[in-house]
Every structure is written in structure tokens, then in C-alpha cells.
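Asker: Starting from the given sequences, assemble the full structure and let the hints guide the process.
The sequence shown begins at 0 in numbering that gives the first Met the number 0 and counts up one residue at a time.
Derived by calculation from the structure, the hints in this document are not laboratory data.
Note that this is a predicted model, so its numbers are computed, not measured.
Treat the hints loosely; a few may be bogus.
As the list claims (entries may be wrong) - Using C-beta positions, here's what the derived DEER-type ranges look like:
{"id": "1", "residue 1": "M0", "residue 2": "A27", "range": "27 to 37 Å"}
{"id": "2", "residue 1": "L7", "residue 2": "I34", "range": "29 to 39 Å"}
{"id": "3", "residue 1": "L7", "residue 2": "V30", "range": "12 to 22 Å"}
{"id": "4", "residue 1": "L8", "residue 2": "V30", "range": "31 to 41 Å"}
{"id": "5", "residue 1": "L4", "residue 2": "E33", "range": "31 to 41 Å"}
{"id": "6", "residue 1": "K32", "residue 2": "L4", "range": "14 to 24 Å"}
{"id": "7", "residue 1": "A31", "residue 2": "L8", "range": "25 to 35 Å"}
{"id": "8", "residue 1": "I34", "residue 2": "G5", "range": "31 to 41 Å"}
Using N, Cα and C, we set each Cβ at its ideal position, and we do this for glycine too.
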Amino acid sequence: MIYLLGALLVVVAGGVYALQMKGKSGVALVVAKEIH
0 MIYLLGALLV VVAGGVYALQ MKGKSGVALV VAKEIH
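Answerer: What follows is the structure, encoded as C-alpha cells:
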């Protein structure tokens with residue numbers, strides 16, 4: 000359960016970061032983090 004909440008927090012944080020960047024570079028960075 001703790002791991003699930005942690006994963007959800009990471010996803011939300013990544014989504015907010017991507018929206019703040021609002022650029023291809025920001026999206027590419029998020030995608031790169033998802034791959035790795």
C-alpha cells in the first residue's frame with residue numbers, strides 16, 4: 000500500500016512538473032524519466 004501511494008505521488012509530481020514546463024523539452028524529460 001505504501002509503495003502504491005509512493006508511485007502515485009511520483010506520477011502526480013511528474014504531471015505537475017510537465018504542466019509547469021509546457022514545452023517539448025519538459026515533455027521529453029518526463030518521458031525519459033518514465034523509460035528509465
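Asker: All hints, please: hold or fail.
Answerer: Here's how the hints hold up against the structure:
The beta-carbon spacing between M0 and A27, approximately 32 Å, falls within the hinted interval of 27 to 37 Å. Remark: the range hint 29 to 39 Å for L7 to I34 is contradicted by a beta-carbon distance near 19 Å. The hinted window of 12 to 22 Å between L7 and V30 holds, with their beta carbons roughly 19 Å apart. At about 19 Å, the CB distance of L8 to V30 disagrees with the hint of 31 to 41 Å.
For L4 paired with E33, a C-beta distance near 19 Å fails the hint of 31 to 41 Å. Between K32 and L4, the C-beta spacing of about 19 Å keeps the proposed range 14 to 24 Å intact. A31 and L8 have their C-beta atoms about 19 Å apart, which leaves the hinted 25 to 35 Å range violated. A hinted range of 31 to 41 Å is violated for the C-beta pair I34 and G5, which are about 19 Å apart.
Violated hints, listed in ascending order, are 2, 4, 5, 7, 8; each of the other numbered hints is respected by the structure.
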